[in-house]
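Trainee: Residue numbers are given in the UniProt record's numbering: position 175 of the sequence shown equals residue 175, and the series is strictly consecutive.
Think of the hints as simulated: they come from the structure by calculation, not from any bench.
There could be a bad hint or two in this list.
[Stated by the list, open to error] Simulated crosslink set (DSBU-like; lysine-lysine; CA at most 35 Å straight-line):
{"#": "1", "residue 1": "Lys145", "residue 2": "Lys73"}
{"#": "2", "residue 1": "Lys385", "residue 2": "Lys225"}
{"#": "3", "residue 1": "Lys463", "residue 2": "Lys385"}
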Amino acid sequence: MALTTTHSAVAALAPGQFDTIQVPTGVPGDGEVLIRVENASMIAFDTYVTDRGYMVQDWPAILGFNAAGTVEKVGPNVQNLAVGDRVTTFGYGPSKHKCMQQYTIQPQTTIPDTLSSAEAATIPDNFVTAFYTLFNQLSLPLPSKFPASTAPPRADTPILVYGAGSTAGLYAIQLLHLAGYKKIIATASKKHHEYLRSLGATDTFDYSSPTLVEDIANVVGGDGKVTIAVDCITNETTLNILKDIMSSSGKLAILLPIKEGSSVTNTSHEERMYFEFPPDKKNPLPEGTQLIGVRTFLYAVNDENLKNHLMPDILPQLLRDGYIKPNRVRLLDQGTFKDRVNVGLELLRSNKISGEKADEAYCIGPAPSAQSYLAMDKIIDVCLKSGAQAVHPGYGFLSENAKFSEKLAQNGIVFIGPPASAIVSMGSKSESKNIMLAAGVPCVPGYHGDNQDPDFLFSEAEKIGFPVLIKAIHGGGGKGMRTVLTPTKEAFLEGLESAKRESLKAFGNDTVLVEKYIQTPRHVEVQVFADTMGGVVSLWERDCSVQRRNQKIIEEAPAPGLSPELRADLGAKAVAAAKAVKYVGAGTVEFIFDNDTGKFYFMEMNTRLQVEHPITEMITGQDLVEWQLEVAAGNRLPLTQAAIPMAGHAFEARIYAENPRNNFLPDSGTLAYLSTPTPTHIFAPPLPTRDPALSQTELAALGPSENADAALDIVPSLRIEQGFTQGASIGVFYDPMIAKVVVHGRDRTEALRMLRKALDEYHVVGVSTNVEFLRTLAGNGAFINAEVETGFIPKHFNELFPPLEPPSLITFAKAGLFTVLRDQLSVEAQVSTPWSNLTSRRFGGEVYQRTIQLQTDAGENSTSVSVTHKGNNLYDIVIDGTYTLNSVQARLENADTLVATIDGHHSKTTIVSQKPHPAVPASQSSNTMERLNVFSDGHKTTLVIPSPKWLLSLGGDVVGAKGALKAPMPSLVVEVRVKVGDRVEKGQVVVVIESMKTETALRAHAPGVVRAIACKSGEMVEEGRELVDIETESE
């Protein structure tokens, strides 16, 4: 493909203004190559100083010091490189050498196949800094190769790397070790010590230790003074420590130029970023100590030796030998959020969208969360081994665990979340309510104390008045939560025991609170953000009222029907809640809104980013993951309250592997087929910020009206955050969410129309899903009218779960046509003979005809579909010998799409075949037959092709025993409450199982006696497994 004459580049157009520009595509000169950039990187500090113009002389200025990609064109006199070679580069100077563009010309290093482009794009600048500092500025002898074949002169000289936990410091330790030095002293936080020693450090010390100077002197020996050192932190504080460590005849390199008087060392132009002692202070180092300011970028244009050997020869060898590894943020969650954070990190790292996944993965234990995602020491150990600098905890598990946050801090690892104190205060539902009451935020009446005696809690429930809600004080997501409607002690204690047990498993704590259960509530939550400088804002509210099993399935923003005054009141209370606990980062303040009274009450605060955060992003045009990273880096909030937009309306629908018609019980298995609508966006489309001058009052700032102004030009948009792909397996240990479908429109009506269309086009085969239920919900009249409440599903149950209609005759016709066409193509794809190529041709004037027998998934009476091929893609169809369709035009567009014109109606229908596993014997059970999944008009109909009689005679048929309790899904047996010979009553709990972190009680269908038990506590059982056989009285 020919090169274009121009290409895109990310540039600073002016201080505070970044954008994409078009620039000429250069031609490589003598010894140069043109590189097609796949990944580029720029550390946050560099972005910061460029944003303020500190490192820019001419505008526009293309950004980026690192890139990785492939060689596109080779200039004259280039050796050992060819078109298509994978390289990483380090650019400084003219625009053609900068990295954040589609093409760049600069010094390059080949990279091995084992190193991804994303990893390679983070290496060069810090590596070059370390290399240039040691072997140029400090004048250490450069070995002829790495590792050095002979020890350098004075190999036993102690060399100190202060701040060795930085990326440049890590490379410096490795290079010193490879060069043959025997006494390498590293100071860093404790989290790096083990890793530094594995890289070659002989002695490691905590730079915050009060005995640091004495400790270093002891290992140095002699007068205890260091003669060669590198300060990777470089500030006045570190120099005040190093003054007691350095020798008067020593050399200390710092990683910035030094300004002395009117000149700046090691730079050929006016430099605005440098180190300078305050006017009232002098250099604290001992007289005679040589202080060297390092300006590494100049090597690319001023040092031919390093330019000609470091990038083309030395660095590739080190990469091939596996000595260089980039740092990264570790992600502790799975699925949709892992990909979401990766995209957010990529935005900050390279100022462009990238869908690449994380480059490294570490096994932290087996599937049970207690042995993996909740195992703090294992996670921290991975962080230390990998050199991770920060942890993003995702949605669940340890995301709201104060102890984990504290342990990370003790190891010098940044927790991308709030301080531990805020997690403790708001993570405890009882303590948080006390704080809110003190802050003037209304709370639901209830008992939030420490007394967990069951009899005492029941007496408190009686005082509050039934119905009551029992809720775990830690965690969320509906876990450890039970509603008790019946005002009896027996009913209360059963709910209490179940809530405590579920809470203990999910969160490691079984303490609960008891509060009044509001009969017709809405769940309205406010997204808040706070920075370390005391700034706190509301990014408006979300309505998450429609729930099943106390878990959200569809959310919208903003909440419908709220007046500006009520929105302002909610936002003000949420901001006050965050300020009350000195909150930092992303948080969600949840309120119960009483539909009967119009009042709202504080419920809890989630000290993390919520699953449903994308709808807030859509109505504000902001990237909340980027906000998290900005705050974690110590920056101010990107926008003030008065500038945050609120435009249009957004919905999120959670696609779950579950069976809505079986009480939403989770399902598991393999996604045999997955087809989704095409997303229009990865991030939320940008929106213009509000003019702060128009928000002079708190009401105006915190209570805007929903904005559907035509001037905003809101284009309907769709995001899909996919946690699983086709072929993936959904297990029983984690939440069964497959994906999130997010839509944004000009108003609620348009957004809802977008949602229905997207759900119509979302097709899954292999597991039961809630897609069709969500589609029905989105089309429900009460939901369209925004009559939402947490009891919406039971209130509108009959409308949401109408009786299942039998498949239409048109559906049977399409399934029969599909089968005939599919099998016809299959024969033609085999050996090319007249018998295969003319499958529909008959001699003597006969025509091809075939009859297909079809049943519903429930195994009801068989329906016959006779298909006759008339030629030219025309077919006659007769169903059950009575219903006739003549001259139906049909063809297969692909393996899963039937295109047909039936009765003048042209349609494309997705039909997906599921054939039984070869090891499954044939039987009269539909699970052992080929299944045809027909997707049409927003509905999925499953038909089966019955096994022929001859096959049934080989496979036999197994019929479940009467009175048997079977596992409704793959699950873990939590408790068996009966033994053989016990008498049980109708409705009595017999077995408790757990799947997807949710407990389910299996009850006896009728009175009887336990005849056999085929399971035990702690055992994993498959769907349909007979667990307990009860001989009922009717038998």
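Trainee: Starting from the hint list further up, note which numbers the structure goes against and sort them upward.
Mentor: The structure conflicts with hint 3 only, although it agrees with all the remaining ones.
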